[in-house]
Every structure is written in C-alpha cells, then in structure tokens.
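Asker: Listed here are the chains, written in short residue letters.
4 protein chains.
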Amino acid sequence: MTPLRPGDPVMLISPDRKVRIVFLEPGRQVETHHGVIAHDDLIGHPAGRVITTHKGYPYLVLEPSTADLIQHLKRRTQIIFPKDAAYILLRLNVHAGKRVIEAGTGSGGLTLALARAVQPTGRVYTYEERAEHQALARRNLTILGLDAYVTWHVRDIGEGFLEQEVDALFLDVRTPWEYMPQVKAALKLGGFFGALVPTTNQVSQLIDALYTHDFVNVTVEELLLRAYKPVAARLRPEDRMIAHTGYLIFARRGDETARAWAQPHLRPVAARRQAEEEGIPHE
Amino acid sequence: MTPLRPGDPVMLISPDRKVRIVFLEPGRQVETHHGVIAHDDLIGHPAGRVITTHKGYPYLVLEPSTADLIQHLKRRTQIIFPKDAAYILLRLNVHAGKRVIEAGTGSGGLTLALARAVQPTGRVYTYEERAEHQALARRNLTILGLDAYVTWHVRDIGEGFLEQEVDALFLDVRTPWEYMPQVKAALKLGGFFGALVPTTNQVSQLIDALYTHDFVNVTVEELLLRAYKPVAARLRPEDRMIAHTGYLIFARRGDETARAWAQPHLRPVAARRQAEEEGIPHE
Amino acid sequence: MTPLRPGDPVMLISPDRKVRIVFLEPGRQVETHHGVIAHDDLIGHPAGRVITTHKGYPYLVLEPSTADLIQHLKRRTQIIFPKDAAYILLRLNVHAGKRVIEAGTGSGGLTLALARAVQPTGRVYTYEERAEHQALARRNLTILGLDAYVTWHVRDIGEGFLEQEVDALFLDVRTPWEYMPQVKAALKLGGFFGALVPTTNQVSQLIDALYTHDFVNVTVEELLLRAYKPVAARLRPEDRMIAHTGYLIFARRGDETARAWAQPHLRPVAARRQAEEEGIPHE
Amino acid sequence: MTPLRPGDPVMLISPDRKVRIVFLEPGRQVETHHGVIAHDDLIGHPAGRVITTHKGYPYLVLEPSTADLIQHLKRRTQIIFPKDAAYILLRLNVHAGKRVIEAGTGSGGLTLALARAVQPTGRVYTYEERAEHQALARRNLTILGLDAYVTWHVRDIGEGFLEQEVDALFLDVRTPWEYMPQVKAALKLGGFFGALVPTTNQVSQLIDALYTHDFVNVTVEELLLRAYKPVAARLRPEDRMIAHTGYLIFARRGDETARAWAQPHLRPVAARRQAEEEGIPHE
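Those protein sequences? They're chains C, L, P and X, same order as listed. Mind the numbering: the first sequence is residues 2 to 284 in the numbering used here, read in order. Mind the numbering: the second sequence is residues 2 to 284 in the numbering used here, read in order. Mind the numbering: the third sequence is residues 2 to 284 in the numbering used here, read in order. Mind the numbering: the fourth sequence is residues 2 to 284 in the numbering used here, read in order.
In case anyone wonders, no lab produced these hints; they're calculated from the structure. Everything numeric in this text was worked out from a predicted model, so none of it was measured. Hints are not guaranteed to be accurate.
Identical chains blur together in the list; that is why a pair holds if it fits in one copy or across any two.
Below 20 Å or equal to it, Euclidean Cα-Cα: the simulated EDC-like pairs (lysine to aspartate or glutamate) are [stated by the list, open to error]:
(1) Lys19 x Glu160
(2) Lys230 x Asp209
(3) Lys189 x Asp9
(4) Lys189 x Glu166
(5) Lys99 x Asp69
(6) Lys189 x Glu160
(7) Lys19 x Asp69
(8) Lys189 x Asp69
(9) Lys75 x Asp9
(10) Lys56 x Asp41
Looking at chain C on its own, in the form it has when it is part of the complex (with noise of 0.2 Å):
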C-alpha cells in the first residue's frame, strides 16, 4: 500500500465527474458542492478508492497526473496540449540532467511538464514578459515542489537569454523567427529547438528564419488526437474533437558547414516540387 502523505497533490472527480486538484494539508477540509471532505481522512491511505463528504456523496480520489496537472490547474492563457506538451519532451530529448530554455512560460503547462522531466539533476530557464503570468505559474509549481529546478525570468528574449550552451530550447511566442540570434547564442552547437505556432504564415516565415541561421533537421508536424467512448459494445470515436492546437517545428542548430551540407538536400527538393507542378496540376 502506497499512502498519500501531507503534501501530496490529490484529484478529487465528483459524482457528475468534475475533477479538482488539492494539496493535502493536516486538519484542512475540502468544501465540495455535496458537502465536506477532511484531508485527515486522505492522509495515510492509498488513492484509488472512494471517500465519501459528510453528506454521503462519493468522491473518486487519485494521483493527478502530468496531464492531469497541465490541464486543471489555476491558469490565465492557453494550456499545452498534453499531447504536444509529451511530444515536445521526446523530440528535445529532455530528461534528468538536461537544462532547458523555454520562452514563454504562459501558464506554466510546459514548465511543470519540462522540469519533471529534468529534475533531480537538471535546469528548466524559462522566459516571460508578462509579470503576473510568470508568478502563478510560480505558485503551482512551487505547490507542487518543483520551483527547486526552474529559474524564473521576467524579460522580453529580444534582449537576449541569459544561460549558454544549453541543450534545448522552446519557444512558445508569436514571432519566433525573430529571435534566431538570441536562440543561437543561448543553445548549444548541435542542440535541440523547437517551436509551436498556430498559423501556416507563422510556419513558413520560421522554416525560412531556420534555414538562414543554420539549422538543420527542420520538420514540421502536428499531432491529432482522437478519443473513442469506452463502452466495448458500441466502441466508436467521441463525436467532436480539438483538430487544431498547433504545428510543432523542430530543428537542430548546425553551423555554416551544417548550412552547406544542407544546400544539396534541399535543391533536390526544390527541383522536384517545380517539376511536379509544371507537370502535373495537382497530387
């Protein structure tokens, strides 16, 4: 049996299924809609049963999640998608030991998300000029003990990063093409980039931003998820679903040999795309 202890963040789901997020705290209380809950009677037992409040109302209790903490807690902006958010993690290769830039911090989705995965050994820097974004999304990873791993900057990019040779970097902001000399300056030869941009405009003038300063490896990906209703007799895809959070674009900071290598891969490219639309008038 694995406790819950004081400290430990707990998701509480409702009868009707509303999810909430507490901190367990000796002698606090929750107030729910059906009546009250005492973190005394969580301390101390497993998650994954029910408590009832003091009115006789159930309430599942669980560990939240990564997933679970990006999408219910306080939060001003736009979340990260779990699925882009677990994506952006592999494709950078962030793990312990790893020290990450991210700009900005919005919400703080991705900063619980990167310092998590960077944690015990590793550094997340994240950037915002927004003051009061950057402080709640200070507050919720500082609940959940992982203000320890992240250094906090309030300052606009174009002024430039303050770490070097760190080994990857995320940018999260309107214009990323426009700050391809700071992110080379701040990432390390070789390192890993990424970006998320919600628009085909934002997509193309980055792509072109990339290849200018070097980069190489550019891709560019989005990923749809789609959820079935659980019921094994009837199993079919929900009706409705997000199609569109953003188009996710990586690339690896090369130098100007890196540059020249790439010139060859992308005449060919070049050369086939003319030919196939002088030839034929669509695929």
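Starting from the structure of chain C, add chains L, P and X where the hints point.
Answerer: Here is chains L, P and X on its own, set in the frame of chain C:
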C-alpha cells in the same frame, strides 16, 4: 562548447540522408559508403557540424535524441513510434524516481524511453518471453548506459509479475485482457495502467476486462502524426502518412468502492446511447 | 443574368449569419428578426446579391446547393453529412438513369441527394418504418420538385424490398447485417451495396455477413472533413471538428463463383495478419 | 438479370487483384497474363460473377463505377482522388441540367465525373492548354459515351472563358488567383466557385483574391480518407494512408453589395483573432 566524449552515441547523416548511429571509442573508425571517419576526429569536438570522410564526403554529426535512438537502434520486432512512446510516458506519469513495469520488452524501444525517464532514481521492470529479443534490447540499453535502471525478466506474465506496488504498468501484448489479476497484484492502488493494441476487437475486449477488474477513468485514444514538407514557399503536408500504429488505452487501478462509483457513470452513458440509437439512424 | 423564379428555393443569410431557406411565391413575404422581405423583391432578380429588409437590414441571397438543403431543411432525425452523402453517390455509381433503393428514409437528406442525382430518368425507392419521418421527408422533396423521382415505402425491410434488379442499394439502419437475403433479392448481380454504421462492432458484424452472402470487393472507410478559418494572413484549421459520423462500408453483389474467387484473397490476408501478430507485438 | 451489352465498360480483376478495364466488342478478346477471355463470353451475361480464361484462371467481372474509371483509365497527369471529386460535385451543386466550366482538363478524371453528373441535359466546358492531355481525356470520355456532354477547349484561360452565366466553375490550376476577372465574366451571379490547390501559400493567395473580387461564403476544407482492413475479427485501419491531396476552396460569386455585407463578418473575425493572439500565446 559542449564536446563529444568517448562512449557518447553519435548520429551520422550521409550526403544522401542515410542515418547511422555509432558509439565513440578512441582509436576506432567508421567505415561508410563514402569513405572512413575516425572517431578521434569527433571526440573533443561539438556536434551540429559536418565532418568529411577521407574521400571528402560530408557527414552531418548530431547527438541522437531518444526518438532517434528508438528509430535507428538494431531491432527484431516492430518498434513503438515516438509519438506513442512520448504520450505513454506522460499519461503514465513516468518521471525520475518512478517504478514501472513493462511487458513485452520487444526490441526495447519503450524500455529505452522509460529508462531515460525514470533515471537516476527510479526503475523499469521489463518482461519478455522470447529471450533473444530481450537480449538485443539489453545490449542496446547497455551501450547507452541505461542498463543500471532496468530489471530484465524472461518470463511468461501469465505466471505473475515479480514486483508489487509499482507506480505504473504498461502492456504491449496480444491479449492484455487475460492478465488483469496479475496487473492488479503488481500495480499499486490508484496506479497508472496503459496498453497498446492494434485492432478494435482487442480494444473492446480490454475495456470489458478493465471494468470487470475495478479499473476507473478508462480512456481509449489514438494519435495521428502528420508531417509537412518543410519548404517555406510551398508548405504542404507530406503525401503519405502512417495511418495507424495502435489504440492507446489508459486506466487507473481502483478498488471495489471505485467500481461502485463508476456505475452511475456507465449507466447514463448506456442510457444515452440507447436513446440515440433508437431515435436516430446514425450520428 | 439568371433570375430567380417562383418555386425556386432561396437561402437567406442574415447579418449575423443565420441561414434560412424559403421557396419563392409571388405575393408572399418572409418575416425575419430584422424586418420583412417581399418574395416579389427576389423574383426576377439574380441571387448573389444583398436584399434589405423594410428596416434596412442586409440579407445575402443565395441559391442553396444540395449540401445546403441537406443541412437546413426541417428534420426530425440526425442528418447525413454532406461529405458522406457525396462519397456515397460516387461509390454507388449513382447518376442520371440509375435505380436505387435506400433504407431508412430518415429525414430524407440522402433521399434528396439520390433523387437529384438519378433524375430525370432514374428512380429512388426509399423505405422507412416510421410513417411520420417519411412524411416529413416527402414534404421536403415535394417542394423541391423531386417527388416525381421517388417511390415512398412505409415498410419493415425485414419483409423484403418490393423492387428487383436495382443498380444500387444503401442501408442506413441499425442492424444492416440482418437484411442480407433481402438485399440479394433486390440488388442486381454485380450491383453496388453501401452502408453507414457508427460503431466498430457493427462494422465487424456487417463484414462477416457480407462475406457469408457472396459479396465481394468489401471496403471499410471513414471520411474526415477538416475546415480552415478562411483568413489569408492567419491560415489555420478551425479549433474543433466533427471527429466521427460513421464508417462507410461498400461492396459488390457477387454469386457463388465470386465467393470462391474471394477465398484466396482472404486466405493470404489472414495468413499475413497471423504472421504479423505472432512475430511482432504491434505495428 | 441485367446482361452486359456491347460498348459497356467492364472491370476485370485478376486472381492477384490486378484491375483492368475493357469495353465490350463482339468478336474481340482480352489477352491477360493468365490466358485469354473472349468478349462474347461476357456479352449477354451479368456482371458480379467469375469468368475463367482459356487456361482456367478466374477473373472477377464487375461494372466499373465512376470512381473506378477515374482511377483506372489511361492518364498522363495526376488524377483527382474520388473523395475530392465526389465532394466537389456536391459542393458545386452539379447535377443533371447544370452548365459547368472546368480548367484544366488534365487527364479528364473530374471531367468524367462532371459529365456523368450533368447528363443528359447539362454540359461541361473544359479548358486545357496542353492539347495532347486533352486529347487523351477526350478519347477516354468518348468510349464511355460522354463526349456528347462536353465542350473541349484547348486555350489559355488567361484569355478568358468562352461561356457566360455558367452555374459552376472549378479551377485546378497552379495560380487560380490570377483568373478572378475571367471567372467573374463566365460565372453567373450567385454561382458556385471551387478550386483545389496543394499548398497553404496558394490557399492564402486565393482567399485574398476571392475577397477582393466580391466572392462570399468562402470556405477552405480538406478531406482525409482512412481505409480499414476489412477483416471482421481484426478490424483496424490500414497502416498507411494518403495524407494530402489538396485544399478545397469553395465560394459563391457575389456583387459589390455582397462584398459590403461580408465586411462586418470579416471584421469581428479579425478582431477576435487579434484578441486571441494578444492575450494568449497559442491555442
């Protein structure tokens, strides 16, 4: 500057975009189709630049990410796709310090991702019936320095897992629904369960088994990754994509109180579905 | 200039993008939330321009397409989506002169599309058990001038279809697999069969029934329609989309020689699948 | 029984699933890799059954659908995909009696679908600069008996279309935005416009041009077709799919009053977008 060191994995990309992964060892050399590269010409230099073979052919030198390693290491079986591996890590809440069971090992792609995620303080327990598959996976993880975080079992999971109270458990086997008692004996109450199956028939069978065995928060999802040609002036998706890797099922281990809690949830769904299907021919 | 005539359907789009369809009749008027529009101000003028109500509000006047009609006509049941209706017409080879059976009628969305496609020389035979549904569909098609191309049956198709040697037959019913003998009795040898079902369980049951009853060239498909915000400088997909309308199954009616022909086809597939699933955990 | 007649197109599917289309002619024979089939053994018999070659190999005999013809007729250029052709027909409101312009002809896949849809009382006007492409398309439609419904123009559409007041107009050319004046001169007020382009850059350029030229109800969509392996006990999507054929843009021709009407529509969209992008890093 972050120099490459002996033992580091290095990804060499040829002028015609063939990818090859080598582990640096002083005095050795790589024989390519375009000539020879001495490991000593890489050690002590950063990645992100181009090295030329003795015949003058340029190779791009990059540090492989976990995603690159999954795709390019030696293997005997179908690999897990990075999009799925990434999402599994996040949904199973796997990060430093967690204890995770996986079955089967296969070629070790997910084992690698799990080991990188739980280190330096957690542990992966991986099960596989076919000794020769696991041996290959173990060699791959050993040269990556990850063997220390993995316990290898050549064992039929029908006979039970050897660990208890693990934080998460993932099944990539043909008939996951047959192992629910074994899963419940190994996974802590409230712990994270996941599985990947290729057919809808398997999904239905697994959903049924999960509900029967008190699992809650059952979700069924699939991830579609769509890549774009990274050409700024002619941005468009690639012509073809992988249409299916598998259905991802996640759930949390509950107890009998959780099962009772889940009933009112299931009932209205069933009732709603029935109404829908009686009233209207389709949605 | 192509002027609107009495009897024409017209789509009126309000300043706040509400769509309304009316049929032109001299002397009548449309009462909108923003004032009155006289039919006589539309008759004799082309569509594609704006008409103002007596209060001065602008309404865009357009001729509705078949897709518009399907979406905006009065209905009691779930409609067929235009993307599916369009593909069904093409896959069932429905065009002028063809004879087609459809069951059930529902609100007549597909009936409308079929009638428009087979006129002026073909015919649609539509079956529905619930008389009041079919009555509504018939009214809709009558005001569109399509009643002449449709035969309406209020009848349980379990008792058989009343036509023979039809070119195509489409089932939009809950248990299509139960009607294979009836389908074979009505559909000409080599004729086109189609069905739409919402769940994977239904797909599996229908596939089995089709093979059992000598159908060949069985395909299962789904169509996903993704809309973009039509803004040139910020092109991006809409945030949400319909994730599922139904699985489309098409097949051709064969005889016992066709069934024998299909066996070697099925065998290698089964063999290949078995090999895959024994050799590798998943794809 | 519906017997095959001289002149009918017939689809022959070999034991190894190779598809071939022939047109029946008394006295002729088909030479296959597995032996000879006499047309006279097909004429007078129904489709949907198996014929054996003189060497005893079984071939399945089916009437080809419009979709089959598009995919299997001789061609020099990329074909239109049936999913797109079907949706274009419905969105452009093409059915018996309509007059439709298409440019370019290409290999005539869409021409075929349009001709089948407008016959016996409508007409297709198709434009192509490359005479040899159009000649092939014309031969294909002639043997299908559809030449009577098509007017063939070898002509640069920059010089204008030769028809006026057509009901619908479709552009499958590289730079559709360059022909807006020509389109407006040929398409009736309120008429249906459509285009297919492969890149997002082209979509943005076309949207801009459409708004500038008073088009309204502009939509941008893409259709994804996902096929499943038709195996009842192991239902699953195919491993790979076509990820992109093109973006479909539809609009209606308006006049200057329509343009004014469209402004308030565009303004709130722009305002909303601006708010979103200022307030939140992404969606």
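Asker: Taking the numbered hints from earlier one at a time, note which ones the structure violates and give those numbers from smallest to largest.
Answerer: Hint 1 is the one this structure does not satisfy, whereas the remaining hints hold.
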